[in-house]
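Q: Sequence:
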Amino acid sequence: MHEIICPHCLKAFKIDEAAYADILKQVRDSDFDRQLHERLELAAQEKHNAVELATAKASSEQQKATAAKDAEIHELKSKLESIEMSKKLAIIEAVSIVQKERDELRSGLEKAELEKQLAEKSLKDKYETQIKDRDDAIERLRDMKARLSTKMVGETLEQHCETEFNRIRATAFPKAYFEKDNDARTGSKGDYIFRDTDETGIEIVSIMFEMKNENDRTATKNKNEDFLKELDKDRVEKGCEYAVLVSLLEPDSELYNTGIVDVFHRFPKMYVVRPQFFIPIITLLRNAALNSLKYKSELSLMKAQNIDITNFETELETFKSAFAKNYDLASRRFETAINEIDKSIDHLQKTKEALLGTDRNLRLANDKAQDVTIKKLTRNNPTMAAKFSELKNDSEN
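The sequence shown begins at 814 in my numbering and counts up one residue at a time.
Please keep in mind that the hints were generated in silico from the structure rather than gathered at the bench. Keep in mind that the hints are not guaranteed to be accurate.
Unchecked claim - Computed Cβ-Cβ distance ranges for the label pairs, DEER-style:
no., residue 1, residue 2, range
1, K937, T1013, 24 to 34 Å
2, K913, T942, 18 to 28 Å
3, A925, D948, 32 to 42 Å
4, K1036, L1204, 25 to 35 Å
5, K1138, E1027, 31 to 41 Å
6, I981, R919, 22 to 32 Å
Said to hold, decoys possible - With a straight-line Cα cutoff of 27 Å, these simulated DSS-like cross-link-like pairs (lysine-lysine) come out:
no., residue 1, residue 2
7, K860, K877
8, K877, K890
9, K1002, K1051
The beta-carbon is built from N, C-alpha and C at its ideal position, and this holds for glycine as well.
Based on the sequences and whatever the hints tell you, model everything.
A: Okay, here's the thing in structure tokens:
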């Protein structure tokens, strides 16, 4: 038997094993059901809580993921906007650079074009000036030729030459004598005599001039060569060193139209020139004579002392001949240049080169003049050597 206490009245009562087992079974089933129900409810609640927790967690994670995704999207969007902005800035900068380069290129092109135009204008002006100068030179030559072929517009050739000389007398030849040759005591006379002296009165150079115009021709004398013999005779009789025929005869002669023509092969120290070379021939001969002036001074002093200077004069004449040869070369150069002017006025540049070519031979002549010394001139001349030795000894004593 089993004693059981009632939970309500607290009374004890006894039941047998079968009833006890039955009650126990009932209690157990009821408790099991209750416990099962409780457990099921608990499980359902736990499940519900777990679902809510999972849902909340999932929602939270989803929110976090969404937030992270939104942040990432925002970041990407910011990056894209930054990239877009950078791209726009780069495009703007590139466009600005391109525009700047285009503007610089355009400016450079405009500057180059302007420089080109200025260079072309300068070159054009230069050549127009050269052409104008050439045309002016051609016109002057034509005018000169026309004037010379018509007696210098009413003047005679003698008057023309005298006027040309007097224009430069005061500046170029202040101590020179240039007058008509009126001395006919020997039976003939030239037209003009030119003499120039230094400050001590020693003669530098002397020239006998003869002027022949086209109307001076006769039946027997109509060429330049026909007047050379008489001109040489006048030169010798009047004691002139050189003779010059200023002539308009033979106007079509290429020889005489070249300019200064020496006729040394016919007569010594004689030239034929056109009127436009009247002043140049005086200048050339005078400048050449200046180089030998000191030797003339010594020669004049020796003559005053009655010293035999025959060989000395021979040496001096040798020097003059050598100078004349160099001058002849220079003259031929000069003639070639002038020939180019009359032959083809269009070739003025060649004329300039030919004129400049005379400088070389004149320098050679000057070098020879500078190279002449008393020692060389007295070589093989015992008389002169002895005289100079005496003078040296006297000066030393």
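Q: Hint by hint, say whether it matches the structure.
A: Going through the hints against the structure:
1. Separation of K937 from T1013 is about 57 Å and departs from the stated range, judged on CB atoms against 24 to 34 Å.
2. Take K913 and T942: their Cβ atoms lie about 42 Å apart, and the range 18 to 28 Å is violated.
3. For A925 and D948, the Cβ-Cβ distance of about 33 Å falls inside the hinted range of 32 to 42 Å, so the restraint holds.
4. The given range of 25 to 35 Å is broken by K1036 and L1204, whose C-beta atoms sit roughly 52 Å from each other.
5. Separated by about 33 Å at the C-beta atoms, K1138 and E1027 satisfy the suggested range of 31 to 41 Å.
6. I981 and R919 have their C-beta atoms about 60 Å apart, which leaves the hinted 22 to 32 Å range violated.
7. Proposed proximity of K860 and K877 is supported: the alpha carbons are some 24 Å apart, at most 27 Å.
8. Between K877 and K890 the CA atoms are separated by roughly 19 Å; this keeps the pair inside 27 Å, and the hint holds.
9. Among the hinted pairs, K1002 with K1051 is consistent with the structure: their alpha-carbon atoms are about 9 Å apart, no more than 27 Å.
Checked against the numbered hints listed earlier, the structure breaks hints 1, 2, 4 and 6; every other hint is satisfied.
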